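Asks: Chains as they are written, first to last, in this note's numbering: chain A, 1 to 122; chain B, 1001 to 1274; chain C, 2001 to 2146.
Keep in mind that the hints were calculated from the coordinates and are not lab data. Keep in mind the model is a prediction, meaning the values are calculated, not measured. Treat the hints with care, as some may be off.
With a straight-line cut-off of 25 Å between C-alpha atoms, the simulated DSS-like cross-links for lysine-lysine are [said to hold, decoys possible]: (1) 1119/B / 1155/B; (2) 2075/C / 1155/B; (3) 1155/B / 2023/C; (4) 41/A / 53/A; (5) 2120/C / 2106/C; (6) 1155/B / 1128/B; (7) 2115/C / 1155/B; (8) 2115/C / 2023/C; (9) 2106/C / 1119/B; (10) 2023/C / 2120/C; (11) 41/A / 2075/C.
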Amino acid sequence: MRETRLWSLHILVIPIILVLLGAHFALMHYAPIFYALSVEKAREFSTMIARGKNIGQFVVYILLLAAGLYHGLYGTRGILRELPWSPALAKLIDLGILIFGIAIFALGVYVTWWTFNFELGG
Amino acid sequence: MLVAKTITFRIRRFDPETDSAPHWDSYAVNVFEGMTVLEALHQIKAEQEPSLAWRSSCRMGVCGSCGMFVNQFPQLACQTQVLHLEADIVSVEPLPNYPNVKDLVPDLQPLVEKHAEVKPYIIHPDLKEMREPSGEFLQTPAEREAFSQFTYCIKCGVCLAACPTAATDPAFLGPQALTQAYRYSADNRDSGVHSRRDSVGAFHGAYQCHMAGACSHACPKGVDPALAIQLLKRALVLDNFGFGKKESQSAKVAPLADVVKELEEFAPPPRTAE
Amino acid sequence: MTNNKPAVDNRRLGLRGWVYAGKYTFERYLYLGHRLSGLGLIAYMVLHILETANRMRGEQAWAELMAVFASPPFKVIEYLLFAAAVFHAMNGIRLMLVELGFFLGKPQEPVYPYKSSVLKHRPLTYLVMILAGLLMALGGSSLFFP
């Protein structure tokens, strides 16, 4: 069944989010603790671009984008659809969230790709 | 009978033929030790308000008719002792999340319809064997234990009054129906969750349970719907990925002669007249 | 009156029922917290994607934006987000395990006083909540007292 697959995926991405978001937090917000790097330094343009040009970072960010957006938007859809909509409106909500998710994912991928290919000082 | 205390009952009244909106009426009742909310309602009806309506039958927690919202908790009026509520004012309302027929009478029609929707009966994988069994269907104590708890449901509807999803989603199958879906799916005589996935595996089925746990807290029979629904989700996921499908059970059907022999072996010795 | 359509008393609690529906155990409020923190986090994630897309406007624009986020009010918002993420993650670990049927015990004959699956997995609930509390304290101390 479709819903079973969607829900299973919603659960399956949890470990991915836990690990990758944990790493993301450590990198961005706990830089002083984990990397002896000040938060300001970690957020500087050049630091960010340098990070983004790492292939590992690139893959991790795409994966985190996909997992996080899927998990969050599936959850949002569940919450919204628990309200008593007409079948037509319920379909519209599903479709709207799907399109929104794809669009925001595309933007995220584009920005990550842009960073990956950015030439510093160029 | 010894009167222990005078308690004020605040009862939510509504008569669709005369009232445009519900209102609250108060009744003072002399409560004795051991008196149940249901007995108090009977006393109010006999002595103060003959038009008060509710539904009850067995008075002993078996029929599932008198589910009510008593002091902010859904429970059976017949199993709730007034003095155990430890309150001077007892509020009584019809169960939330159901349409109200009159006074304390909820319309349980949605519950019954959802119950029917999940195919609450044995679906044997071998249709021929189900209709004309070649022998008795055997079940070990462990096989029965897997679902026995969920057979105690009395369809009182208390769980849906507690459920947050049922508060907004009229299409949600709800703790009662989902529990019964698992009760039959977990039965070793049944073909499993596969034949019920169209209802319980759809959006308004098992996945709209988020383990708030209120149904299990409220269930007056200890059926634990939350447990059944989580086990149902696991069964659905396993079924979807091709695990946990049940083999045909017909092989387990013992020839009648063997069953009779076994029964004779384990039967207690015949009693002798004294 | 007979010509009028009978009045209807719909007792469906609606959105209010997500928040409060009676005297239940605290797990029902964890459900609410999980829901609210989840909505907050996905809203932030979308904003975060839009916000970090600002890098494409160049180094100057990026530096200006980061200066805004370094101000005290944003520190507080950042901490609230962190706390929401920690709560959602810890409670989510519990839910992930429990919704797949783990830690709930086996079905058993109901004997009064009943011990429901909610009570049976309560040690796990306490454990994840303590972990969440520790992480929130740790995050707070490093964010506000670097």
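Asks: Hint numbers the structure violates, sorted upward?
Replies: Those not satisfied are hints 2 and 6.
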